[in-house]
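Chemist: As a plain string of letters, each chain reads:
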Amino acid sequence: MATTLRLKIRGTIDAAAIAEIHGALDEAEATPDCRILVLEGGGDGVFCTGLNLEGAAADDASDGGATFYGLLERFTTTPRAVVAQVDGRAAGGGVGLAAASDFVYASERSAFSLPEALWGLLPCCVLPFLIRRVGFQKAYTMTFSTQPVSASEGERFNLVDAVADDPRALINRLAYRLTKLDESIIADMKQYFRKMWILSDEVEETAVKEFSRLMSTPAVRQRLADYATEKRFPWER
Amino acid sequence: MATTLRLKIRGTIDAAAIAEIHGALDEAEATPDCRILVLEGGGDGVFCTGLNLEGAAADDASDGGATFYGLLERFTTTPRAVVAQVDGRAAGGGVGLAAASDFVYASERSAFSLPEALWGLLPCCVLPFLIRRVGFQKAYTMTFSTQPVSASEGERFNLVDAVADDPRALINRLAYRLTKLDESIIADMKQYFRKMWILSDEVEETAVKEFSRLMSTPAVRQRLADYATEKRFPWER
Amino acid sequence: MATTLRLKIRGTIDAAAIAEIHGALDEAEATPDCRILVLEGGGDGVFCTGLNLEGAAADDASDGGATFYGLLERFTTTPRAVVAQVDGRAAGGGVGLAAASDFVYASERSAFSLPEALWGLLPCCVLPFLIRRVGFQKAYTMTFSTQPVSASEGERFNLVDAVADDPRALINRLAYRLTKLDESIIADMKQYFRKMWILSDEVEETAVKEFSRLMSTPAVRQRLADYATEKRFPWER
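Chains as they are written, first to last, in my numbering: chain A, 3 to 239; chain B, 3 to 239; chain C, 3 to 239.
You may find that some hints are simply not true.
Since the list gives no way to pick one copy over another, a pair counts as held whenever it fits inside one copy or between any two copies.
As the list claims (entries may be wrong) - EDC-like, lysine to aspartate or glutamate: derived pairs with alpha carbons at most 16 Å apart:
hint, residue 1, residue 2
1, K197, E212
2, K182, E238
3, K182, E75
4, K192, E212
5, K10, E22
6, K192, E75
7, K197, D65
8, K197, E75
In short, the hints are calculated from the structure, not lab data.
Remember, it's a predicted structure, so these values are computed and weren't measured experimentally.
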């Protein structure tokens, strides 16, 4: 059976978290009989809650869109299956990590939300990947309503491939099937699907520019600063 | 909590009905703390059955496509949430009003149908909005089969966001969430989603031209005239 | 009621099988009151398992993509409803025949799978039609996982319009509705939907070229030769 690598991702996204995931992809790609990289949370009821807010308050994070989009794009080109094993909360960019993964398995207690609009932001880099996974309308509703979606709701509209508190059997079954695939056909398949729908250079440019613009607005900077100093979320105003 | 405005729409679509909806949108946009415009039917088991057939028989209605498309397009750009509260029949353009709305709540007795093909027409202006809401295939099947879809079927494929005989609690909950959103982020969000998929200038032109062409064919003119004089639907032939 | 024509398709796809389906479409189009062509399997638990592997091993089948894509494309332009009545296994190109059909009715025992990746191939010509029917993600998951989907699973994500061991009542009801449609509006409708999404000339060219490229790789040629001589499938290695 093919080797399956695992990475416990950080609970929030910043340059270090992104570098760690790239490192795990490097290792998976350098391991010839590896077919699967599993991303999992830290076991604390959190998969990933998105942007590291303290970091974004301290730095000008407006150029972070390109880096994050680039990571998700790598999921859609690497000759490995990327599996998101979600157990707990996924929010913002954490939903993006799941949406861009090839397979998403989630425990019952998992929940997915896009709270960006409450900050005056949009999940710019998440949306192209989310739309291709769940279709236009559910991505739109999650963004607009900002309300969380449970694992079983998510399964109904393809955000989640299977609800499982212990997905090891699912991952083993997948690994068994993928053992039989050439590495090159996974890469060919991913390239082919990219040509079919939505992940164009134009969409990438739109996503990165809009993220940068929104992150630089005074209202967003103020909310991030308020959070950094008082740990007060915008919806607690 | 944000102000919620309501409009009882007319049961059929003509220039006056479209002007009334624009008027309600004007008022909603001019009311700073308004976040939601709810469109509802007249309480007579009808949400909206689409084109005013007597009117279309009397006039050359072939230029009506641009006006109607423009109204649906405004739903997708206004910095307000447009909610369709459907209680009863929605047909043709009435399905378009629902599909282009941000949120659709429908009572159990509601039904959605696209009977255009029976007239020799197509729901040209409805389809781009319906496809982005329900995906390609369900929009295709509704158009081709001309068969009605119930509220609960519609919920399964995202035509309806929630089935509720009394959606007031849902609307209040939504209003509570949307109170926390800046007006500008709603407009930004809608623009961003328009860039993601399907609502291009080219699609609009295709829709408006094809509606005009079909409305001008002798077969369609004859069916409209027959309806105006004898109240006989084409499927009763 | 409109005339319904039927064709028992061959269990595998080659030039002769494609010619037979074109012949049935010719006949349906030449029959003025015909509205429906039903494609069914041979009653042996197989709808169609895709490419004729012995044939592909013997010939250079790398130019077969254009012919097959052209057939599926004809389904999306013919002024007739094409109905796939699936009773048993549909695999590879057989899934394409179903996906490109206007309506798909499947018996409980039916199953749909895309095993191409196990051969080092991709369902290049199937995917544009499958994506428009089931959306991006399910087409992607079927291709990547190579695992079969049951009729009832397929119904949940629109691969199947209705699960029915005996679909005659469904087909009769459809024929009754379609009797009331002009032939020309079916053609107009299909053209209009083609303009809405995905079936562009560019997508066709991408599909045909990639199929040809993959079919010509030494690994694929070897697997086809192994199958032809030893009836051994690649996943039995």
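Chemist: Look at each hint and say if it fits the structure.
Modeler: Structure-based check of each hint:
1. Proximity of K197 and E212 under a CA criterion of 16 Å is satisfied inter-copy only: 11 Å between copies versus 23 Å inside one chain copy.
2. Taking the shortest Cα distances, K182 and E238 sit within 16 Å of each other only across copies (9 Å), while inside one copy they are farther apart (52 Å).
3. When the C-alpha separation of K182 and E75 is checked against a cutoff of 16 Å, the pair qualifies neither within a copy, at 25 Å, nor between copies, at 32 Å.
4. With identical chains, the CA atoms of K192 and E212 are at most 16 Å apart between copies only, with a shortest distance of 13 Å across copies and 26 Å within one.
5. Proximity of K10 to E22 under the C-alpha cut-off of 16 Å is restricted to the intra-copy arrangement: shortest distance 9 Å within a copy versus 55 Å between copies.
6. Proximity of K192 and E75 under a CA criterion of 16 Å is satisfied intra-copy only: 10 Å inside one chain copy versus 24 Å between copies.
7. Taking the closest pair of Cα atoms, K197 and D65 never come within 16 Å of each other, the shortest separation being 26 Å inside a single copy and 21 Å across copies.
8. For the identical chains of this complex, K197 and E75 are intra-copy neighbours only, at 13 Å inside a copy versus 19 Å across copies, given an alpha-carbon limit of 16 Å.
Hint violations for this structure: numbers 3 and 7, all remaining hints satisfied.
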